[in-house]
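Which chain is which? The protein sequence lines are L and X, in order. In terms of numbering that gives the first Met the number 0, the first sequence opens at residue 0 and continues consecutively. In terms of numbering that gives the first Met the number 0, the second sequence opens at residue 0 and continues consecutively.
Think of the hints as simulated: they come from the structure by calculation, not from any bench. Hints may be right or wrong, so weigh each one.
Unchecked claim - Here are the simulated DSS-like cross-link-like pairs (lysine-lysine), alpha carbons at most 30 Å apart as the crow flies:
| # | chain 1 | residue 1 | chain 2 | residue 2 |
| --- | --- | --- | --- | --- |
| 1 | L | 242 | X | 66 |
| 2 | L | 51 | L | 115 |
| 3 | L | 105 | X | 66 |
| 4 | X | 218 | X | 93 |
| 5 | X | 192 | L | 68 |
| 6 | L | 10 | L | 150 |
| 7 | L | 68 | X | 103 |
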Amino acid sequence: MATEVAMKQKKYAESLLEAENTLVGIPPLTEADPKLTVEEAYSIQLENIKKKTADGQTIIGKKIGLTSKAMQNLLGVDEPDYGHLLDSMVIENGGLVPKDKVLLPKVEGEIAFVLKKDLKGPNVTTLDVLQATDYILPSIEIVDSRVKDWKIKLPDTIADNASSAFYALGGKPVKVEDVDMELLGMVLTKNGQLVNTGVGAAALGNPAQCVAWLANRLADFDISLNAGEVILSGALSAAVEAKEGDTFTAKFAHLGEVSVHF
Amino acid sequence: MSATVYQEIADYLVAGEEEKREVKKVTAELKKDLTVEEGYQIQEKIVSRKLAEGRKIVGPKMGLTSKAKMDQMNVDEPIYGYVFDYMVIDNGGKVSLSDLIHPKVEAEIAFIIDEDIEGPGITGAQVLAKTKSVIPALEIIDSRYENFDFTLPDVVADNASTSRVVFGTSPKCPSDFDLDVVGATLAINGEIKELGAGAAVLGHPANAIAMLANMLARKGEKIRKGDVILSGALTGAVLLEKGDTVLGKFDGLGDVSFTVTE
């Protein structure tokens, strides 16, 4: 039985990886397998992360997804999810998102945390996160789904590395003591036109609270967040579809700007 | 339409306000083909009536400044109305439901004007140069129309739904802020209901004041030194209920609060 489950997870992981490589989205895993659990989905995610690190990629950190009430309502869930950030996912500030590596990309503005101390759950508090944070940076996350047309349920997106694709970080590190993250405002523009605005509180009330959630959730897998890791703490506004030729800029209060080009 | 008809409709709307009851929108029966220009003529009659009754103008206010609201009303220009002295509630004070019809609250940034601003051709930068200070505000809108259902000319005639306002008590210098990325949260009884950043107001709150100066210029009017002007909502509007404690928090600008009584 255990082997059967492992075989199934391996098969799902392979199909997701193939979709990523061929840019052909797959049907939702939950369509053929409605009973796929969240825990199984994380195992599938980890399977592909292991494969990628074995191929020489490096884990830079984690991303937290589904941090807004709107997104949680959309998927009918009451907790966020997370994925892994790899060195292959980094776009330089102002850089180009390679079009031959994305299917239906969307853009979100987020606050990124860089840790100076390890964080190991359970019982990590928001204050613990603030004390363990070296600095924060403005970031743009490019999410994408290897599931055809974003037809995802919670296990689908988790298995798919929380629908992560690329991310860019701004260049101005700011200490957490210098800002009120809950009220930190952000404006996202596409080709110079305002798309939406957001505030730190959009991420579970406070981005640092999202990182605390992550540290505690990772404890279930006996994983800790480590000093030096980059954590994307969750979108401050709704994800916006990107097309070839688009330039997105996220401007943050106190943190400066970050932009990417498609 | 004659001045008498404008006056009749103005009196009809003021009666709704004073008797705290909903009225049918003007375009439902009284004047089905009401234009925006005629809406402003009616609004002027309301303003004149209140001035004649000894009320004083605090300043103009801008409405429909968000892209979402402009799209919803299918317009490309915001609207304005006037805030009067009797509408101002102290920070931390009480708003009584029995004085109002179906009030909603939204978070805004108010500008205190240092020099007259006369359009046309006014820009946001010029507005900032002539602004003495900015303060956070909670505006309580209360359309006199049934179910907040109205067309653009209707809401213009109804003094842009203006009803009450609570200003913060600690004015700040506008040049100390990037007002487009100032974040705000609107919480009711401790739960964040709405949030947004300054750019939600026409890209920058000062742009709304500039547009106001340019709209007033068409009538040979201007923004006046000493005006306290609500620039438009950073957040969505939330319906008020008895017992609510409302708290608006603005990054760097401070808090504004009030409670709702019967």
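Structure-based check of each hint:
1. Restraint check for residue 242 of chain L and residue 66 of chain X: satisfied, since their Cα atoms lie roughly 21 Å apart, inside the 30 Å limit.
2. Between residue 51 of chain L and residue 115 of chain L, the direct Cα distance comes to roughly 25 Å. Compliance with the 30 Å bound is thereby established for this hinted pair.
3. Between residue 105 of chain L and residue 66 of chain X, the direct Cα distance comes to roughly 20 Å. Compliance with the 30 Å bound is thereby established for this hinted pair.
4. Distance hint between residue 218 of chain X and residue 93 of chain X is unfulfilled; the C-alpha atoms sit about 37 Å from each other, more than 30 Å.
5. For the hint linking residue 192 of chain X to residue 68 of chain L, the alpha-carbon distance of about 10 Å falls within 30 Å, and the restraint holds.
6. A hinted pair counts as satisfied when its Cα atoms are at most 30 Å apart, and residue 10 of chain L with residue 150 of chain L qualifies at roughly 19 Å.
7. This hinted pair checks out: residue 68 of chain L and residue 103 of chain X have alpha carbons roughly 21 Å apart, not beyond 30 Å.
Hint 4 from the list above is the single one not met by this structure.
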